[in-house]
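Asks: Read off the chains here:
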Amino acid sequence: MFHQFIYSLKTLCKNKMLLFWTFAFPIILGTFFSLAFSNIENSEKLDVFPIAIVNNDAFQNRKILQETFKNLGEEGNENQLFTITYVEKEEEAANLLEEGTIEGYLHLEEEAKVIVKKSGIHQTILKVATEEMLQMEMMVQVDIEKEIQENLKNGIALDVTQEYFEQIASNIGHQLQEKMGIKDISSSHLSYTMIEFYTLIAMTCLYGGILGMTSIHQNLPNKSEVGKRVSVSPISKGKLIFSSVLSSFLVQLFGLFLLFLYTIFVLKVDYGNKLFFIILLAFVGSLAGLSLGIFIATFLKANENVKTGVMIAMTMLGCFLSGMMGITMKYIVDTHLPIVNKINPASRITDGFYSLYYYDTLDRFYGNVFSLLFFALLLLLLSMYQLRRQTYDSI
Amino acid sequence: MNKIIEVANLTKKYKGKTAVDALSFSVFEGEILGLLGPNGSGKSTTINCILSLLSIDEGKITIFGQEMKPSAYEIKKEIGVVFQDVAVFDELTVIDNIRYFCGLYIKDKKVREVYIEEAIQLVGLEEFKKYYPKQLSGGLLRRLNIACGISHKPKLIFFDEPTVAVDPQSRNNILDGMKTLNKNGATIIYTTHYMEEVEFLCHRVIILDKGKIIESGTIDELKSLSNIEEKISVEVNNLKKSIISDIAKWEQVESVDYENGILIVTYQKGKNNLAGLIHYFKENRIEYNKIFSERPTLNDVFLELTGKGLRD
Numbered sequence: 001m002f003h004q005f006i007y008s009l010k011t012l013c014k015n016k017m018l019l020f021w022t023f024a025f026p027i028i029l030g031t032f033f034s035l036a037f038s039n040i041e042n043s044e045k046l047d048v049f050p051i052a053i054v055n056n057d058a059f060q061n062r063k064i065l066q067e068t069f070k071n072l073g074e075e076g077n078e079n080q081l082f083t084i085t086y087v088e089k090e091e092e093a094a095n096l097l098e099e100g101t102i103e104g105y106l107h108l109e110e111e112a113k114v115i116v117k118k119s120g121i122h123q124t125i126l127k128v129a130t131e132e133m134l135q136m137e138m139m140v141q142v143d144i145e146k147e148i149q150e151n152l153k154n155g156i157a158l159d160v161t162q163e164y165f166e167q168i169a170s171n172i173g174h175q176l177q178e179k180m181g182i183k184d185i186s187s188s189h190l191s192y193t194m195i196e197f198y199t200l201i202a203m204t205c206l207y208g209g210i211l212g213m214t215s216i217h218q219n220l221p222n223k224s225e226v227g228k229r230v231s232v233s234p235i236s237k238g239k240l241i242f243s244s245v246l247s248s249f250l251v252q253l254f255g256l257f258l259l260f261l262y263t264i265f266v267l268k269v270d271y272g273n274k275l276f277f278i279i280l281l282a283f284v285g286s287l288a289g290l291s292l293g294i295f296i297a298t299f300l301k302a303n304e305n306v307k308t309g310v311m312i313a314m315t316m317l318g319c320f321l322s323g324m325m326g327i328t329m330k331y332i333v334d335t336h337l338p339i340v341n342k343i344n345p346a347s348r349i350t351d352g353f354y355s356l357y358y359y360d361t362l363d364r365f366y367g368n369v370f371s372l373l374f375f376a377l378l379l380l381l382l383s384m385y386q387l388r389r390q391t392y393d394s395i
Numbered sequence: 396m397n398k399i400i401e402v403a404n405l406t407k408k409y410k411g412k413t414a415v416d417a418l419s420f421s422v423f424e425g426e427i428l429g430l431l432g433p434n435g436s437g438k439s440t441t442i443n444c445i446l447s448l449l450s451i452d453e454g455k456i457t458i459f460g461q462e463m464k465p466s467a468y469e470i471k472k473e474i475g476v477v478f479q480d481v482a483v484f485d486e487l488t489v490i491d492n493i494r495y496f497c498g499l500y501i502k503d504k505k506v507r508e509v510y511i512e513e514a515i516q517l518v519g520l521e522e523f524k525k526y527y528p529k530q531l532s533g534g535l536l537r538r539l540n541i542a543c544g545i546s547h548k549p550k551l552i553f554f555d556e557p558t559v560a561v562d563p564q565s566r567n568n569i570l571d572g573m574k575t576l577n578k579n580g581a582t583i584i585y586t587t588h589y590m591e592e593v594e595f596l597c598h599r600v601i602i603l604d605k606g607k608i609i610e611s612g613t614i615d616e617l618k619s620l621s622n623i624e625e626k627i628s629v630e631v632n633n634l635k636k637s638i639i640s641d642i643a644k645w646e647q648v649e650s651v652d653y654e655n656g657i658l659i660v661t662y663q664k665g666k667n668n669l670a671g672l673i674h675y676f677k678e679n680r681i682e683y684n685k686i687f688s689e690r691p692t693l694n695d696v697f698l699e700l701t702g703k704g705l706r707d
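Line by line, the protein sequences give chains E and V.
Per this note's numbering: the first sequence = residues 1 to 395.
Per this note's numbering: the second sequence = residues 396 to 707.
Among the clues, some could well be false.
Using C-beta positions, here's what the derived DEER-type ranges look like [unchecked claim]:
#1 E:L280 x V:E462: 47 to 55 Å
#2 E:T335 x V:K410: 20 to 28 Å
#3 E:K301 x V:K472: 47 to 55 Å
#4 V:L620 x E:E304: 43 to 51 Å
A few chain E positions that, by computed beta-carbon distances, are all more than 10 Å from chain V [to be verified]:
#5 F20
#6 E225
#7 S231
#8 M329
Treat the hints as calculated values from the structure; they're not laboratory data.
These numbers were taken from a predicted model, which means no experiment stands behind them.
Ideal Cβ placement from N, Cα and C applies to all residues, glycine included.
Throw the hints in and build the complete structure from the sequences for me.
Replies: Structure representation (structure tokens):
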């Protein structure tokens with residue numbers, strides 16, 4: 001098997017098309033990102049930005065929401081996200097937005113409305129923050145009600161003072177800070193373009209699928225002439241495919257290693273200080289990419305070029321939906337079609353890096369790792385089942 | 396002689412059509428068996444079924460006395476295959492391609508290197524060891540294809556139309572190589588639709604059409620099946636129709652064709668046919684350029700058996 005492994009490695013390392021997609025394309029795209037987004041980053045740093053709130057009765061009645069916004073808008077507060085202008089009527093807020101004095105405003109009636117004029121990181125943060133706050137508000141209300149019920153049973157009256165609400169608001173504000181990515185765990189300047197590099201790594205991981213496809217094509221008689229020749233040899237199909245897939249995986253990991261080196265040392269990208277977890281996620285992400293390629297090669301009845309096209313298209317679409325061309329897309333998909341990004345491996349990889357960078361706890365990171373592992377194992381098992389029972393009616 | 400392959404009642408259907416229809420035949424040790432037939436006659440399908448590359452619908456295939464199946468690795472060790480289409484890695488050099496495929500069979504590195512050198516010599520690629528497949532001409536590529544299929548010195552070799560679209564020099568090299576392999580003890584199954592190659596190489600021939608064996612035997616046995624004893628071709632201009640119909644009436648004549656200034660007269664039997672025709676031309680003062688006589692070819696036999704030529 002070592003013989004097959006070595007020669008499979010040789011053929012992969014000399015395949016110019018594979019080398020381009022695995023090694024060169026991510027590096028070229030990374031360079032492009034670095035050049036294109038550095039200006040955007042300078043002009044749109046994640047700092048405190050102005051918003052307005054229509055301070056109507058509806059808002060006045062939402063004590064938790066009111067206190068949370070107050071907390072996030074308090075000058076000098078470590079949680080500060082916004083500078084808030086309170087206006088009496090929506091028209092005033094609309095005028096401020098029109099003038100460009102604010103990035104967006106919140107208007108509470110029966111439902112909460114966040115009004116923005118353009119899309120961008122500030123607008124996205126305002127929208128996401130408001131949605132998160134509304135959800136947390138609901139959860140806190142449920143908790144308070146439960147607590148009141150419990151206390152009533154025990155004959156104790158709950159002291160719902162202003163201080164109590166301020167404490168809740170401070171907790172929500174702190175959690176929001178983490179969710180919105182303001183907390184910087186790498187001790188370096190927070191980079192909004194990081195999401196682009198995360199999707200770039202996700203893309204490189206998924207391009208491993210092209211290598212996985214090649215492994216299948218080189219070993220099956222109905223896929224290639226070489227596949228016919230090795231199929232009449234005294235080596236089992238399992239051994240042939242395993243050695244080929246293993247070499248593909250190594251080439252893929254080497255490609256990722258080069259990309260990390262290039263982005264860290266040439267493009268000066270800071271991935272934070274959790275190297276082990278970064279490697280783990282890249283490893284699992286590559287496995288997911290490889291499995292996707294094997295799955296497509298096994299099940300899709302088309303020639304190799306068509307399959308490669310499908311693999312590239314799926315990868316690019318997955319990366320696009322997970323925010324490669326703008327973080328807003330990730331937000332839109334997460335909000336309106338969450339299932340898409342739940343099953344999108346590019347999104348899981350991106351989200352894994354994202355959570356690693358922005359959160360202290362690893363719960364979300366491991367959630368992504370396990371999702372990817374499940375995805376990879378499922379596709380591998382389905383492919384193995386299909387390959388094992390496959391007999392050829394024609395070749 | 397020992398039976399190397401025994402095919403019994405092999406049937407292969409594909410999309411409702413019967414590609415191979417209850418085929419039964421044997422291959423004996425040391426022989427070169429030609430599978431002859433036009434395109435689509437079932438030659439390649441038969442080989443792919445024998446090699447367990449294709450599933451079969453009915454029948455049994457035995458090689459070296461054991462049933463052939465996809466997991467029959469002990470049998471596969473002794474088999475070499477040269478496919479119709481070139482099956483090599485574009486990314487590997489000539490010698491690395493042969494090394495890779497030989498390495499699937501021969502584990503001992505020293506033995507393997509000796510075998511590889513011998514294969515390279517056999518196909519005449521000594522000067523092209525470091526070349527990549529894309530740098531080779533069509534003929535040289537075919538030779539590499541052969542070297543990859545036979546470098547492990549198999550006892551049984553399948554050649555599936557190895558000379559298609561090959562230049563005369565490479566064709567001669569390939570045919571000589573096959574003879575050498577056979578002399579060295581390999582049993583060969585050779586599919587083609589080039590009858591002159593079959594006549595040159597094969598000890599025995601099976602003629603296939605529409606997935607069925609329509610005839611089999613040695614070259615002489617097949618030729619003896621023909622009604623034609625002799626075929627005389629004459630280059631002659633402006634031959635009158637009355638002359639043609641006159642010749643066609645002769646007792647021993649099977650058929651007369653006249654096309655593009657060439658008169659072809661086939662005889663069922665009889666002696667001195669050539670002398671008789673020359674005499675007739677002299678008597679009738681017909682001028683001709685060339686005249687020659689030949690024995691019937693396998694193509695003539697095939698034409699008689701199936702009503703169509705081998706390359707149709």
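Asks: Next, verify each hint and record whether it holds.
Replies: The hints, checked one at a time:
Range check, E:L280 to V:E462: about 48 Å between beta-carbon atoms, so the 47 to 55 Å window is met. At about 49 Å, the CB distance of E:T335 to V:K410 disagrees with the hint of 20 to 28 Å. The hint said 47 to 55 Å for the Cβ distance between E:K301 and V:K472, and at roughly 32 Å that hint is violated. Between V:L620 and E:E304 the beta carbon distance is about 47 Å. The supplied range of 43 to 51 Å therefore holds.
With a least beta-carbon separation of about 14 Å from chain V, E:F20 lies farther than 10 Å from that chain, consistent with its non-interface assignment. Not every CB of chain V is more than 10 Å from the CB of E:E225 (nearest about 4 Å), against its label as outside the interface. Interface exclusion of E:S231 from chain V breaks down, the closest Cβ pair being 6 Å apart, not more than 10 Å. Residue placement check: E:M329 keeps its beta carbon more than 10 Å from all beta carbons of chain V (closest about 38 Å).
Hint check: violations occur at hints 2, 3, 6, 7; the rest are consistent with the structure.
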